[in-house]
Amino acid sequence: MNNTLLELKNISYKDENNLILNKINLKINSGEKIALLGKSGSGKTTLLSVLNGTIKPTQGEVKLLNKNFEELDRKQKSKITTIWQDLRLIEDLSAEQNVNCGLLAENNFYFAFKNLLNLSSFKKAHKFMQLCRLHNSIYDKKIRKLSGGQKQRVAIARSLIQGSDILLADEPFNNLDPKLITIIKNLLLENLDKNNTKKSPKTVIVSLHRLDLLNDFDKVIGIKDGKIFFNIKRINLKKLHLDKIY
Amino acid sequence: MNKLKLNYTSLSFLPILVCIPLGYQLLTNIHFGGFILFQEFLISAFNPKIDNEIIINVINRLNETILIGFFSWLVSIIFGAIFGILSSNIFYKIFNIPNLFCGIIRIFLTMVRSIHEVVWGILLMQIYGINFSVGIIAICIPYIAVNSKVFAEQLETIDYKIIESINQINAPKFSSLLTLIWNPIINTFKNFGLYRLECSIRSTVILGLFGIGGIGTSIFLSFQTLNFRELWTYLWSLAILIILSGLIFKKLKFKTTNKILSIFFIAVFFITILLSFSYFLNFIFNNNFENFNSVSSLFKSSSDLGLFDFLKLILETIILSLLSTGIAISLPPLVIGIFNNNTSKTFIKFFAFLLRLIPTPILILTLLTFNNPSLSLAALTLGLHNAGITSKILFKNLDSQDKRNYIAMKSLGISKKTSWLLGLFSQQAKSYLAYCAYRSDIIIRETAIVGVIGSVGLGWQLQESLSSFAWQEVTMVLIAYSSIAIFGELINGKIKNSLT
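Chains A and B, in that order, are what the protein sequence lines are.
So the first sequence is numbered by our numbering: it starts at 1206 and just counts up by one.
So the second sequence is numbered by our numbering: it starts at 17 and just counts up by one.
Worth flagging that the hints you see were computed from the coordinates, not collected in a lab.
All values reported here derive from a predicted model rather than from experimental measurement.
Worth double-checking, as some hints may not be accurate.
[Stated by the list, open to error] Computed cross-link-like contacts, EDC-like style, restricted to lysine to aspartate or glutamate with a CA-CA straight-line distance of at most 16 Å: (1) A/K1261 x A/E1221; (2) B/K177 x A/D1291; (3) A/K1356 x A/E1311; (4) B/K206 x A/D1297; (5) B/K189 x A/D1278; (6) A/K1261 x B/E180; (7) B/K275 x A/D1345; (8) B/K177 x A/E1296; (9) A/K1282 x B/E180; (10) B/K189 x A/D1345.
Can you make the complete structure from the sequences, with help from the hints?
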């Protein structure tokens, strides 16, 4: 059975005069946990941005569930959630309001309004913040007042609360201590729905720099100069592969 | 010989050179006919008229001023925010609408704000006659456009990456928009909105001088009857109102976390929009046009204004703006630098307050008591009034600045004036010039007020054309005014960008 969830066909992306992605072909199946490896500037972030639809490739097709990205409706697009490398939180909102932003897609305008006025319920948000080991004393603190690690976990909680089928994460373990890295990694690779209960396998693509975190991933993709150098099962990963991209 | 090096500090002082031609013309135009009147005007400041009758009159007139000022502020700040959103890129990015519409709205708003509220007021008074509503609408029209620019500028500071991330959540478009703009809008309102109330009250006073009502009308009538003691009673009461409102604003703190207060503000927001629309429609359909029966009268009227005269008026307006801007930029740092001690500072602050307090038409009429009407006199008036405003900003910035450099220089034996210049002012010069660039936008628009009273430039021509119902001329003057203001705004925008 063909269970391809995301597909990139001959994708290239040019930024001004630089070719950042060069003819990339990739198939991602439902439930796969993929680690994306590569040096800084190799094109990992751009590839994730193409996958979530924020960047339109200059050439090629991106398909989600066999449909071109442009043909998808809002609900279908919301199957993808992203943890950005630069977090992209709203600095003037509190931590809990930022996490609640993850629920905007499934709620109406009135919810957004209540969220900004602190009139909405933060129960769900608090649940996910607890999972990310955020202390309740920071729930109502503005983002600008949080530490780097706290901000990182707020961004993770905001993505997890969306309960999307596909999670894209760009170096999500930055700013975290080793103990928190283990907890957050398990959280990202576990399959939680909005009510914090397990559900069908979630597809996860994480860009990484630390090789010791590769356990628990099914596949590893190596990228260099905008090209995919290898796309293999984790158990088949050899030093030879890593030498090609680093 | 050492060459003068152009830096932000020297650029702040250089424009004072405008005083050379200005001073020459003022000296040649001096007359002694009104010195006694001027003396009486000054003495009356210390001896204002106080009796029951005038106190009741002051209260009634202040009530009118506050009402016109408050309603025009409320409507202009709310619609300013709405137009600010509509003229910011964020709206078009969220809704995937071509930016062309954004450009069209921006051009429209630039044209609207290029014409001063006094011009709108005079124009509307000619069409609808004198009434309370004309005052509110005349202030609202340019204020909405000015406020929208400030709101739009704040919305443009939202990081594009955050817009991307909210878009990526795939929420309903309006939810995304609201989440992104909420805080910039609230913060702009907190930092800028209350200041605009003070501006709105000042504009109400100036429009009052032209007959709209409120304390401005009383001030003008007192001046016309040369009742200076009464005039100063009104001016001091206005000063008390401005100082009190300033103190109240300092105490006011809006907490967006206060749920009841937030709901109250939102209710006010929607009720104001509804009432404004119904009020505006009622005004349009229930008002008889006093002098402007149809649009066709615009085309029936002819213009006797020759091209040469018209170009001369445009040139006069431009020179008037440049001379006034020169004074407004250089006078405050020069005076503060020369008289650099605590007693002088208090005196300068008080004098600057008076320059801000006395409406420009009254200021120019006072100066006319010993000088013939001329371009220089109009420029001096406008320059002095705006120097009162720029000096307030300069004092505020200098007072809050770290003084360690200044103290260190003084301890090295460097003179107090040089230490002030290099240790204090030089660090403020850049931001001060950036503010002055913004201020010069306003000066261009304000040339209309002094023009009307001081018989100079397009402002004077506008008054003349309106009085003779020469609508074609009025249109030409308005287009010329608008073009100068837009051109000035473009240049100042470039200067501001290079300074910030």
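So, going through the hints one by one against the coordinates:
no.: 1; hint: A/K1261 x A/E1221; result: 14 Å, holds
no.: 2; hint: B/K177 x A/D1291; result: 9 Å, holds
no.: 3; hint: A/K1356 x A/E1311; result: 24 Å, violated
no.: 4; hint: B/K206 x A/D1297; result: 14 Å, holds
no.: 5; hint: B/K189 x A/D1278; result: 13 Å, holds
no.: 6; hint: A/K1261 x B/E180; result: 13 Å, holds
no.: 7; hint: B/K275 x A/D1345; result: 14 Å, holds
no.: 8; hint: B/K177 x A/E1296; result: 13 Å, holds
no.: 9; hint: A/K1282 x B/E180; result: 14 Å, holds
no.: 10; hint: B/K189 x A/D1345; result: 26 Å, violated
Hints 3, 10 from the list above are not met by this structure, while the remaining hints are.
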